[in-house]
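In order, the protein sequence lines correspond to chains A and B. The numbering used here puts the first residue of the first sequence at 1, with every later residue one more than the last. The numbering used here puts the first residue of the second sequence at 1001, with every later residue one more than the last.
Note that these hints are calculated values from the structure, not bench results. Built from N, CA and C at the ideal position, the CB exists for glycine as well. A portion of the hints provided could be inaccurate.
A few chain A positions that, by computed beta-carbon distances, are all more than 12 Å from chain B [said to hold, decoys possible]:
#, residue
1, Pro30
2, Lys31
3, Ser52
4, Asn54
5, Glu74
6, Ala108
7, Ala116
8, Gly117
9, Leu127
10, Ala131
11, Glu138
12, Ala144
13, Ala158
14, Pro196
15, Glu217
16, Pro219
Examples of chain A residues toward chain B, derived with CB under 7 Å [unchecked claim]:
#, residue
17, Tyr12
18, Leu19
19, Val34
20, Asp36
21, Glu48
22, Arg59
23, Pro66
24, Gly70
25, Ala150
26, Leu153
27, Gly159
28, Lys175
29, Val210
30, Arg212
31, Ile213
2 protein chains.
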Amino acid sequence: MVNELKPGKDSYMSISEVLAHRVSIDHFDPKGVVSDAQIAELVRSAQEAPSSFNIQHTRFVAVTDPAIKGRLREAAFNQAKITEAAVVFVLLGDLRAHEDYAVRIRAAAAAGHVPAGVAEYLAGTALSFYANPTASREEGLRSAGLSAMALMLAADGAGLGSCPMIGFDPEAFRKILGVPERYFPAMIVVAGPTAPNNMGRKPRLDVNEVLRINGAEFPG
Amino acid sequence: MVNELKPGKDSYMSISEVLAHRVSIDHFDPKGVVSDAQIAELVRSAQEAPSSFNIQHTRFVAVTDPAIKGRLREAAFNQAKITEAAVVFVLLGDLRAHEDYAVRIRAAAAAGHVPAGVAEYLAGTALSFYANPTASREEGLRSAGLSAMALMLAADGAGLGSCPMIGFDPEAFRKILGVPERYFPAMIVVAGPTAPNNMGRKPRLDVNEVLRINGAEFPG
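The following block holds chain A by itself, in its conformation from the complex (with noise of 0.2 Å):
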């Protein structure tokens, strides 16, 4: 996988550098391959991304599937994205997530990894943290979120275009792929080789309407 830094207006970009360099393109090469290696590449360092305990509640399909992803841009309104960019990422959040990290945990503190103590106070905490569906469903949206910006500045890095999307039948999608019910698609990031005439970065608020220091003194 081409994964390197390309050359700033110094030699190599800096982190915030890094994320000016990303935009959403709405324009992708309809020719545009993505293979699978490179696709679990991808995925890979959107592990990366943190999650509640180590939970890790994001699961990814990625659609390659000319015929599946016809499907899928009928359930998403029509936008072109869908099926122009190489590989739709369809980010799951998985609502009983919580209930294999108590396995894994105590798992861990029966081979000794872990101290018993530890291991039962941390399983013990995220099994009632997250027994209601609703903060479950929830720290799957989060999540994703955390997930969907590594897994952008990842294909940026590899030379690819990419796009986050909310703009879909959630139950469409789900007979679409065949997502079990435990499983929730919480939102969409389609990446691949992009087409010219992409609109750049759009703007953003000055820091002075979105940050506040040690008070919320925001217009209600």
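Since the structure of chain A is provided, determine the placement of chain B on it from the hints.
For chain B alone, coordinates are given in the frame of chain A:
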């Protein structure tokens, strides 16, 4: 702001190495300081995260005042990171950000920067998409995740440790910080100079456990 990439094993880090370099930090230097200017730089970098329609839902409350941090810690299960980290970023979701967006995009059309029809389409779509308060809240959570990931990478680039946190009482935080009703605390990111003896990178699931291609055959 020092925001250089640190030398990797060859020379500079690739983006995948940047993502792996950031780890969640448990122990911060309680004498560590992050200046208001550096806080603003970090937030500017976090603002590079994308948002639905470019609505920019995330607001940042940066808390450096020891007395306020002490009160937040009491409302966050007494977690030491809250007072030991130099700065506590409380990321707020703006439940009415789409309304401000509609005003902005219509103003851009009035100024001749965007075709009037396009602006009206975008404004109308955003207003209808987020008229449902649950949709608006869920977008705030996704956006907080996107923003938090960018913020933590920016902190890493500035030589600071960071940690995302969700274990806190949002209504208590609202009262302590004076957060107006239209915003809700979506997550915390603490950041600052680190102390010794942090644990390092936590293990991730194998990519084959979290990725499927052209289908969603995950365990039910």
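Going down the list of hints, with the structure as the test:
1. Pro30: Non-interface label on A:Pro30 holds, nearest chain B Cβ at 18 Å vs cutoff 12 Å.
2. Lys31: 19 Å, holds
3. Ser52: 5 Å, violated
4. Asn54: Non-interface label on A:Asn54 violated, nearest chain B Cβ at 4 Å vs cutoff 12 Å.
5. Glu74: Given that every Cβ of chain B is farther than 12 Å from that of A:Glu74, nearest at about 17 Å, it holds.
6. Ala108: 9 Å, violated
7. Ala116: 18 Å, holds
8. Gly117: A:Gly117 clear of chain B: closest Cβ-Cβ about 17 Å, beyond 12 Å.
9. Leu127: 14 Å, holds
10. Ala131: About 15 Å separates A:Ala131 from the closest Cβ of chain B, which puts it past 12 Å; holds.
11. Glu138: Violated: least Cβ distance 6 Å, not greater than 12 Å.
12. Ala144: 6 Å, violated
13. Ala158: 8 Å, violated
14. Pro196: Given a closest Cβ separation of 20 Å, the condition holds.
15. Glu217: 7 Å, violated
16. Pro219: With a cut-off of 12 Å, A:Pro219 comes too close to chain B, as the shortest Cβ separation is near 8 Å.
17. Tyr12: For A:Tyr12, the interface hint holds, since the closest Cβ of chain B sits about 5 Å away, which is under 7 Å.
18. Leu19: Check passed: Cβ of A:Leu19 comes within 4 Å of chain B, closer than 7 Å.
19. Val34: Since the shortest Cβ distance to chain B is 11 Å, the answer is violated.
20. Asp36: 6 Å, holds
21. Glu48: A:Glu48 check passes; min Cβ-Cβ to chain B is 4 Å, inside 7 Å.
22. Arg59: 5 Å, holds
23. Pro66: Since chain B brings no Cβ nearer than about 10 Å to A:Pro66, farther than 7 Å, the hint is violated.
24. Gly70: 13 Å, violated
25. Ala150: Hint on A:Ala150: holds, closest Cβ of chain B at ~5 Å, below 7 Å.
26. Leu153: 6 Å, holds
27. Gly159: 10 Å, violated
28. Lys175: Constraint on A:Lys175 not satisfied, violated at 10 Å.
29. Val210: Check passed: Cβ of A:Val210 comes within 5 Å of chain B, closer than 7 Å.
30. Arg212: Holds. Min distance 5 Å.
31. Ile213: 5 Å, holds
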